[in-house]
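A.B. asks: What follows is each chain in one-letter form.
Protein chains: 2
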Amino acid sequence: MLRMMHEQREAGLARTRPRTAAAAAVAAIAALVASAIFAAEPAAPAAPPPPPPGMADILAAAPASAWRPLDESHTLYLELPAGRVIIELAPAMAPRTVANIETLVRQKYFDGLAVLRVQDNFVAQWGDPEERHKIPEGMQKLPPEFTVPLGANVFTSLPDRDGYAPQVGFVDSFPAARDPASGLAWLAHCYGAVGVGRDTDPASGTGSELYAVIGHAPRQLDRNVTVVGRVRQGIELLSSLPRGTAEMGFYGKAAERTPITSVRLASELPAASRTRLEVLRTDSPTFTALVEARRNRRDEWYQSRAGYIDLCNVPVPVRALHD
Amino acid sequence: MLRMMHEQREAGLARTRPRTAAAAAVAAIAALVASAIFAAEPAAPAAPPPPPPGMADILAAAPASAWRPLDESHTLYLELPAGRVIIELAPAMAPRTVANIETLVRQKYFDGLAVLRVQDNFVAQWGDPEERHKIPEGMQKLPPEFTVPLGANVFTSLPDRDGYAPQVGFVDSFPAARDPASGLAWLAHCYGAVGVGRDTDPASGTGSELYAVIGHAPRQLDRNVTVVGRVRQGIELLSSLPRGTAEMGFYGKAAERTPITSVRLASELPAASRTRLEVLRTDSPTFTALVEARRNRRDEWYQSRAGYIDLCNVPVPVRALHD
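Protein chains in written order, with our numbering: chain L, 446 to 768; chain B, 446 to 768.
Note that these hints are calculated values from the structure, not bench results.
A portion of the hints provided could be inaccurate.
Short, incomplete list of chain B residues facing chain L, as computed with Cβ under 8 Å [said to hold, decoys possible]:
| no. | residue |
| --- | --- |
| 1 | Lys579 |
| 2 | Gly608 |
| 3 | Ser684 |
When the alpha-carbon atoms are kept at most 20 Å apart in a straight line, the in silico SDA-like pairs for lysine to any residue are as follows [said to hold, decoys possible]:
| no. | chain 1 | residue 1 | chain 2 | residue 2 |
| --- | --- | --- | --- | --- |
| 4 | L | Lys698 | B | Ser685 |
| 5 | B | Lys586 | L | Gln748 |
| 6 | L | Lys586 | B | Asp573 |
| 7 | B | Lys698 | B | Asp573 |
| 8 | B | Lys553 | B | Arg529 |
Chain B regions said to be covered by chain L (calculated; three or more residues, Cβ under 8 Å) [as the list claims (entries may be wrong)]:
| no. | region |
| --- | --- |
| 9 | 512-519 |
| 10 | 598-604 |
| 11 | 668-681 |
| 12 | 685-693 |
| 13 | 707-714 |
For clarity, every value in this text was computed on a predicted model and none was experimentally measured.
Where is the CB? At the ideal position from N, CA and C, for every residue including glycine.
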């Protein structure tokens with residue numbers, strides 16, 4: 446069984462909760478329309494053209510090949526008292542830093558540490574608040590991976606221009622940017638991006654302190670921080686934490702911090718303990734259709750279509766697989 | 446006494462909390478640098494040029510005329526159990542809708558209602574979850590104010606291009622957009638924007654149900670909703686609420702909703718009960734300097750400067766006045 450998950454920010458701001466039966470009926474009709482769009486046969490010539498599909502229709506009609514499972518050997522489970530935050534790492538975009546983080550995770554470095562900073566409209570950050578846990582020898586410094594050569598990775602460009610980078614789009618379902626002149630690419634600071642906290646020294650970000658973006662995309666951080674991946678599920682467990690009231694959103698008192706139960710690689714756990722997720726492939730025709738549906742919202746609620754979408758407003762759908 | 450307040454999203458992602466003494470010393474030096482920048486005398490010719498000021502320096506050196514008090518006759522106090530959310534309305538940008546809301550507030554319409562929807566990375570919405578409270582006669586329908594003629598209002602343009610609108614900038618310290626060809630302007634859906642929930646009928650948004658943006662700017666809503674103002678203080682009381690788990694972030698159970706103690710106009714309260722705030726004037730030279738300091742971050746931490754800022758990343762500082 447498949448169940449559609451988060452990242453579906455609904456268009457409507459209806460005054461009240463939509464009636465479930467009516468909504469279901471609309472969805473059923475929309476699904477039929479969507480399957481018509483993806484069917485091979487042409488529409489009957491006399492029929493009026495069906496309305497263009499919305500995101501839900503497009504996803505309902507997506508072939509299995511439009512999805513890929515998360516890479517469980519590079520997926521972290523950040524276990525908080527309120528539940529599991531699932532972060533997919535992007536080793537292609539920050540190979541050494543991702544390797545560092547995975548080494549720390551295998552050594553159970555993060556277990557018992559804490560979310561120590563939550564700054565409104567910015568980041569939730571976790572690590573060792575008292576700096577009591579020794580970072581292993583040889584891991585104290587790490588050359589930054591603010592950018593990487595794009596190499597063999599597929600870069601799917603968005604059709605719209607961006608103010609922060611010459612080109613923006615997606616690499617393996619991660620929001621990214623690139624500079625064709627230099628051949629360099631980097632992950633972009635969109636909502637849910639996970640980056641590596643550092644001091645002024647660019648080599649001071651080892652991966653022992655991480656943050657997730659919980660506000661409007663702070664794109665000015667692009668190319669200033671090593672971004673290592675993105676929260677694929679459970680960002681709301683970080684974004685709804687109480688904000689720290691000390692400087693920069695740090696918590697003034699230890700008791701205010703949220704303890705980290707553990708951080709594990711998905712592949713370390715027995716199959717029964719894993720959360721099986723799939724993410725939409727951003728190099729799929731389904732994703733191309735989805736981007737267009739979001740650039741110009743066709744549902745009746747919209748009076749005005751943007752004709753544009755900024756990188757961090759593009760949803761990258763995730764779904765859970767149930768046996 | 447003046448105390449600087451929120452909207453100062455710090456640049457750094459330091460591994461640990463900055464030492465307070467050191468931070469204070471840096472701030473003191475920076476303030477001196479900033480006052481030098483704003484002083485009339487030229488720098489001594491032999492001295493190396495001082496580093497360009499950052500946001501804190503610019504604000505520290507701002508003249509009193511760069512600030513204006515909130516318009517208390519158009520400022521709402523949304524009182525929640527956790528504290529006060531302060532919303533400044535923009536009657537120039539939505540005159541009839543703002544008047545409607547203020548009439549409802551004077552009638553104590555919102556008292557005892559609830560925050561009924563919190564959708565992650567989107568909006569927190571409040572109103573009458575059971576639709577039991579009658580909206581007064583003649584207020585059930587209201588022509589939408591998605592855009593307004595700009596008229597005599599000062600529009601301060603940002604130097605950078607925007608994907609969603611021909612021009613973006615600020616009107617009276619509210620993020621806004623305009624189309625010079627049509628002469629129309631509208632408030633933009635940045636973090637903290639307050640808009641009017643509506644059904645598919647564009648005239649169904651009366652102001653009896655409102656939302657605040659608590660995620661990445663959903664600019665596709667621009668010109669589709671009447672935006673009436675912005676949260677000037679206390680957005681974290683909305684953005685840190687638990688997310689609703691029903692469709693579109695609605696709460697499935699009444700007990701999950703956050704009750705609204707009351708909504709009052711600041712001007713209705715005795716002076717001692719008001720929160721006296723000032724907002725930076727976006728038509729001031731101080732604001733121009735601030736925008737440039739944010740387009741190109743000069744602090745040592747930054748390795749790469751964006752040379753760009755998007756509308757919703759521009760901070761609009763607010764400060765509290767204490768007697």
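A.B. asks: Taking the earlier hints as the rules, which of them does this structure contradict?
C.D. replies: 1, 6, 9, 10, 13
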